[in-house]
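Based on the provided sequences and hints, a complete structural model is requested.
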Amino acid sequence: MIEVEGVARSFGDVQAVRDASFTVNAGSVTALIGPNGSGKTTLMLMLATLLRPDAGTIRIAGHDPVADPRAVRTAMGWMPDVLGSWGTISVRRTLEITGRLYERTPVQARERAQQLIDLVGLVELAEQPTRVLSRGQKQRLSLARALVHEPSVLLLDEPASGLDPAARVELRTLVRRLASEGVAILVSSHVLAELDEMADSAVYLERGVTASDERIEASRAQSRDWRIRAVDPAALAAALKKLRIAASPPDHLGTAVSVAGEVEAAQLLAKLVGAGVAISAFGPAVGDFEHTFLDLSRTTTEGGPR
Amino acid sequence: MTRYFDTLGTIVQLELRQRIRSVAWLVLVSVVFVLVGIVTALLWFSITAFGGDVSDSAGVYSTIIFFVLLVGTLVTPAISGAAINGDRDAGTLATTQVTLASANQIVLGKFLAAWTVALTFLVASLPALLFTLIAGGVPGDTLAASLGVLVLELGVVAAIGVGLSGLITRPLFSVVTTYLVVAALSIGTLIAFTLGGLAFQSQQTQTIIGIDYSVGGEFDPNTGLPEEIVCLEPVTYTNTLPRFDLVWGILAANPYIVLADAAPTSFDANGFPQDLFGTIALGVRSAQSAPEFESVLDECAAAKEGDINLGYFSETPREIFDRTVPSWFVGFLIHLVLAAAALTGAIARTRTPAGALPTGSRVA
Ligand SMILES: Nc1ncnc2c1ncn2[C@@H]1O[C@H](COP(=O)(O)OP(=O)(O)OP(=O)(O)O)[C@@H](O)[C@H]1O
Ligand SMILES: [Mg+2]
Chain A
1 MIEVEGVARS FGDVQAVRDA SFTVNAGSVT ALIGPNGSGK TTLMLMLATL
51 LRPDAGTIRI AGHDPVADPR AVRTAMGWMP DVLGSWGTIS VRRTLEITGR
101 LYERTPVQAR ERAQQLIDLV GLVELAEQPT RVLSRGQKQR LSLARALVHE
151 PSVLLLDEPA SGLDPAARVE LRTLVRRLAS EGVAILVSSH VLAELDEMAD
201 SAVYLERGVT ASDERIEASR AQSRDWRIRA VDPAALAAAL KKLRIAASPP
251 DHLGTAVSVA GEVEAAQLLA KLVGAGVAIS AFGPAVGDFE HTFLDLSRTT
301 TEGGPR
Chain B
1 MTRYFDTLGT IVQLELRQRI RSVAWLVLVS VVFVLVGIVT ALLWFSITAF
51 GGDVSDSAGV YSTIIFFVLL VGTLVTPAIS GAAINGDRDA GTLATTQVTL
101 ASANQIVLGK FLAAWTVALT FLVASLPALL FTLIAGGVPG DTLAASLGVL
151 VLELGVVAAI GVGLSGLITR PLFSVVTTYL VVAALSIGTL IAFTLGGLAF
201 QSQQTQTIIG IDYSVGGEFD PNTGLPEEIV CLEPVTYTNT LPRFDLVWGI
251 LAANPYIVLA DAAPTSFDAN GFPQDLFGTI ALGVRSAQSA PEFESVLDEC
301 AAAKEGDINL GYFSETPREI FDRTVPSWFV GFLIHLVLAA AALTGAIART
351 RTPAGALPTG SRVA
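Sequences listed follow chains A and B, in order. With the working numbering as the guide, the letters of the first sequence map in order to residues 1 to 306. With the working numbering as the guide, the letters of the second sequence map in order to residues 1 to 364.
Hint data in this document are derived by calculation from the structure and do not stem from the laboratory. This structure is a prediction, so every number in the text was calculated from the model and none was measured. For glycine and all other residues, C-beta sits at the position ideal for the given N, C-alpha and C. It is possible that part of the hints are untrue.
Unchecked claim - Quick look at which bits of chain A chain B covers, simulated, 3 or more residues with Cβ under 8 Å: (1) 40-51; (2) 70-83; (3) 199-212.
Structure follows, in structure tokens:
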């Protein structure tokens, strides 16, 4: 379980994180979402016992990373956003050495390395030096390394970048499975559609500040775009006009209309079908996280002082 | 405790796997092996060509040991000078720091590994050293002492390199700084010693009592002295003398001098050192004693005793040796302090969670 309260950290005059507060419960996956430079990695580094926060408190599995980093390290696995690996050492040895650094016996380390190689699908590359791995393969190794000591808290900094679609699905399944086993997981990513499927909840970070629940609620409640595609676009346009609903000009994905909430969307669909329009696709234009993210960044860039 | 050494050992092993298996290392070791071999052969032949005898091999041996020290101190900064900041640049330091390995295990592990790699270069030059030992009869204790100092000095350079790589952000700068430290110790100390000695000067008054050759009758053909020795009036000169005794500690910090002074010196019948080590050591040892501010050179009294030369030689080198402090001890202490300071600084800098970061560096 991760508890963060009022955490701040600056580098010289750069305020990377100003005020971050959130909780990730055991057995749940939380997405960490924010624009480039909003402080996601900095926040992760503080959770991973690498950076000391200037203010605020952090508890990882009940321990304070500053006061007792060792206890935190025993419980926490961290997958960094930079892909560093010991270039001349094989995948298998990398995992074994990492296991040894977590004070596992040689036998335990060897067994765990084999399990992880199977888990992340690096069987054929197990004896290759890590220098030859592709970006996606390095990403898998990095994930395996974070799991060596079976942590109960997992910090994943952009785990999906560089992964192929199949590997992304595997990652998602793995993350869900770990969560079902009781691991508290914090994932940052810019691929919000993917987080939609993976995460139970999200923390929005904007210029180092986490958005409050109220603001997230407010932007959720806002009307958002739904995308409608019909077999005959002209018939759809006519029907929408008759219902006096403003619609964007149609493109290859269909027409976008602004709808407030799911109830209204269901009513609209019923009306269109009732009017005899042959609908082939009907759904939100962007995922939940993306909608909130875009809405929040719109209000912070347009909306007054911060 | 065993857990501490277990993790330390894992770090050492990790470092060695990365460095010793590299092609660069193999090439460098071979180059050192060949180079030391060539130098040994050349020295050996040049001495036998000039009809030198076996005792000259002590000279060959000491020259080769110096050469090995030179090569070692040139190679070690390259091995150790980017140990920590290089990892940080490659993104592998942080992944080690989040494990249960502590900052001092990481730094000490890297230091031990760098030292080990440096020692492989010493091993590459062992065949040449053993050759001079067997072929030339270098005393065993000289060999043991000089090898011991060599091992320790390479450790000092490795520690300084690893330490600086933890203290300086950019790998290139830390490697260059390590070279500068080595240069400062090897050459800078000589310059500082000379300049320092000249900067502090003292007045010396020297009184000379000569022999009046114009009286005293016939000259004795054997001694070149008059039959009856009549003394001249004492003449007093004043001149300034450099005070090397005030700055000899600087020279003691020179690794070559540590090496020379630590090796046991053998003396010949007249009390003069037989090899290069001894000659150099004599230089440092003599610098320890303050010059005589009031010296009296009584040629006349010496001549009355029968040998005019008695007035000049006060001590044999051997006596100087016995009277002075071994300077290698002081020099080595200075080196140990430097090495320990560098490593301690690096440990403090590598400790996580990190407070202030040096500007322009990211943790990961
Ligand atoms: N060591 C450092 N020294 C100075 N500034 C830093 C340092 N690390 C981060 N920053 C600054 O802090 C801010 C937040 O950086 P951070 O890496 O946390 O962003 P991020 O949210 O992870 O971005 P991205 O989405 O691009 O990964 C940035 O403005 C960055 O320039
Ligand atoms: Mg980042």
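Ascending list of hint numbers which this structure does not respect: Of the numbered hints given earlier, the structure breaks just one, which is hint 3.
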